[in-house]
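Asks: What follows is the residue order along each chain.
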Amino acid sequence: MHKKMPNKVEKEDDNTLEGGKEKSISSLQDIPEQFKDKLTCIGFSFNEDERSGSYIQFNHSPIFSRARISGVEVLSIIEALERYEWLKDYWWKILPSNLDEYTRLANEKLTHGYFIRVKPKTRIILPIQACLFISKPKISQHVHNIIIAEEESELHIITGCATAPHVTSALHVGVSEFYIKRGAKVTFTMIHSWGKNTEVKPRTGVLVKDDSSFISNYVCLGPVGNLQMYPTAYCVGENAKVTFQSIILASENSVMDVGSRVYLKARNSRANIISRAVAKDYGEIYAKGHLIGENADVKGYLECRGIMLSDTAKIYAIPELEAKAKDVNLAHEAAVGKIAEEEILYLTARGLTPDEATTVLIGGFLRLNLEDLPQKLRFEVSRMMKTIIEKAF
Amino acid sequence: MLQLEDLTISVNGKILVKDFNLHIEKGEVHVLFGPNGVGKSTIVYAILGFPGYKVVKGRIIFKGKDITEIPTYERVKMGIGVAFQHPPKIKGLRVADIVNICANRIGEEVDEDILKLVDELKIPKEFLQRDFNVGFSGGEIKKNEILQLMIQNPDFIILDEPDSGVDMENIGLIGEIVSRLLERNLMPSLRRKAGLLITHSGHILRFVKADRAHVLLNGRKACSGNPEEILRNIMERGYEECIKRCQIK
Chain A
29 MHKKMPNKVE KEDDNTLEGG KEKSISSLQD IPEQFKDKLT CIGFSFNEDE
79 RSGSYIQFNH SPIFSRARIS GVEVLSIIEA LERYEWLKDY WWKILPSNLD
129 EYTRLANEKL THGYFIRVKP KTRIILPIQA CLFISKPKIS QHVHNIIIAE
179 EESELHIITG CATAPHVTSA LHVGVSEFYI KRGAKVTFTM IHSWGKNTEV
229 KPRTGVLVKD DSSFISNYVC LGPVGNLQMY PTAYCVGENA KVTFQSIILA
279 SENSVMDVGS RVYLKARNSR ANIISRAVAK DYGEIYAKGH LIGENADVKG
329 YLECRGIMLS DTAKIYAIPE LEAKAKDVNL AHEAAVGKIA EEEILYLTAR
379 GLTPDEATTV LIGGFLRLNL EDLPQKLRFE VSRMMKTIIE KAF
Chain B
22 MLQLEDLTIS VNGKILVKDF NLHIEKGEVH VLFGPNGVGK STIVYAILGF
72 PGYKVVKGRI IFKGKDITEI PTYERVKMGI GVAFQHPPKI KGLRVADIVN
122 ICANRIGEEV DEDILKLVDE LKIPKEFLQR DFNVGFSGGE IKKNEILQLM
172 IQNPDFIILD EPDSGVDMEN IGLIGEIVSR LLERNLMPSL RRKAGLLITH
222 SGHILRFVKA DRAHVLLNGR KACSGNPEEI LRNIMERGYE ECIKRCQIK
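So the protein lines, in turn, are chains A and B.
At position 285 of the first sequence (counting the first as 1) the number is 313 in the numbering used here, and the numbers step up by one without a gap.
At position 26 of the second sequence (counting the first as 1) the number is 47 in the numbering used here, and the numbers step up by one without a gap.
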């Protein structure tokens, strides 16, 4: 199932690395007009006032990075590594660099990525935005991001990764390491929108300390070549809390292998993994989840729900629970099927055509629970989700 | 306004309703009585044109037009509205979402006008943010149905067991609102609405006055007459006795 990276990309590696050199901009307004629609679709705002900080990378070049609020830093990772000697203590410390061919690629042929850090006791309600964009065909982008939420800080990140509308083939490898320190809260909302032959390989590790929480919302509703990710969080501190929500739609020939894994290592740590998957056309989805309970009084819940919209699509739901201590409480629910006929009928009796009813029901099924986001961001994301879903059907 | 002519309905190849006739004029409200499982809801689904409820004989005429073959949403657009007996629970869609569908309005929030209706039904506003019917009490489910009807404000109203599983106080409230939707407060000549009220207990009739009643037994109309008289007979003798006395085989 794990497709090899296309040979073409490997062969043209050097070219594509150089082909990525882009000019920096001094204001978000200067982003080329032809890409703005696509960037808006993945949550990017061109109004700096709406964000605490912004990072945007085109191909291999960070073209803009700025923090507008004291207590928060937004830098290109290479700049950050040069500036901070201590950052090496966070470099490949959650994920091993030799995990697979993609982490090795990011390690050996790094093409930037971002560094976001919020200082202790700093609570940033206005979100920080980060965007990794591929504007040219056949680019191979290998980024490494480090996100650090210092003790008792709060941080909300909205991040979008996409290819430009005319780009169908490319490779995106995104390594992300999150350090959520004691008492910190981080929400991370990520929206993907790819060309139909793009290979996408995010590799994410999250370290969650005492009394802290990490909430990840992942959305990918457009076609992709092959998307494969299994972000993994480690609850190493007592009362650590992790939520992974993923909302995916595999259409056309997309293969989406999307899982989330949480190690509940410390006492009283909590995890929720919620996955909503819709498969249509020839789309293939592997919806995975894995909870590992390793200490007393840990609690984990895993929910995997899928809707099939065609006979040629496929959903393979694989929920896994692994208990390694006596006092663990792990549960899962999984269900895959079609949309309930009685729900469609009910909506037709309220005046919708069966097709309209189906779209409304899928929209509801794919609705993210956004209660952990600050209100303004919540409204923004929920509006955006509506637009994305309407476009997808 | 609505005519069912010799309607024979089959579900999965089995005939559930046979040769059923009904003629409801503008301004009238008819009642359909009958014990559980005799095909009352089958008639509702056939009027709506739900797939699977096949009209094998007869026709459905609404506002002078033969609607037997047209899809549900077109019938609804012509002015048929239903409060269902068992509406589905829909995870992921809020009451507000469906309210907005009924109001033909796009958006997350609901209009002020609708909040007034919610108030009138004595349901808390938070109700609008809850998943549709998920974890609702019997009374809340029925009120939710009435809310959709109030917003749609259709010319022809079908109420399928609006009083089952609801306490008397709420039956009174629902009855009062339904009476108003059916324009029962107006002089008969001024009424533009009509309705079909389905009930096996008849409780709602204390609050909604009807013009004519029919009893459905084993998929056939057993008798028709004055609603109060028929209800009194049912109350005194029970459906069992009705069936025994009834000549329909």
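Hints were generated in silico from the structure; no laboratory data involved.
Everything numeric in this text was worked out from a predicted model, so none of it was measured.
Using N, Cα and C, we set each Cβ at its ideal position, and we do this for glycine too.
It is possible that some hints are incorrect.
Stated by the list, open to error - Computed list of lysine to any residue pairs in SDA-like fashion (alpha-carbon distance at most 20 Å, straight line):
no.	chain 1	residue 1	chain 2	residue 2
1	B	K39	B	P209
2	A	K414	B	R126
3	A	K414	B	S62
4	A	K414	B	D134
5	B	K242	B	T29
Stated by the list, open to error - Cβ-to-Cβ under 10 Å is the rule here; a few derived chain A residues that face chain B:
no.	residue
6	C69
7	L375
8	K414
Asks: If a hint holds in the structure, say so; if it doesn't, say that too.
Replies: Hints versus structure:
1. B/K39 - B/P209: Violated, at about 31 Å.
2. A/K414 - B/R126: 15 Å, holds
3. A/K414 - B/S62: 35 Å, violated
4. A/K414 - B/D134: Roughly 24 Å separates the two Cα atoms, so the pair is violated.
5. B/K242 - B/T29: 12 Å, holds
6. C69: 19 Å, violated
7. L375: Holds, because the Cβ-Cβ distance from A/L375 to chain B comes to roughly 7 Å (cut-off 10 Å).
8. K414: 8 Å, holds
Hint violations for this structure: numbers 1, 3, 4, 6, all remaining hints satisfied.
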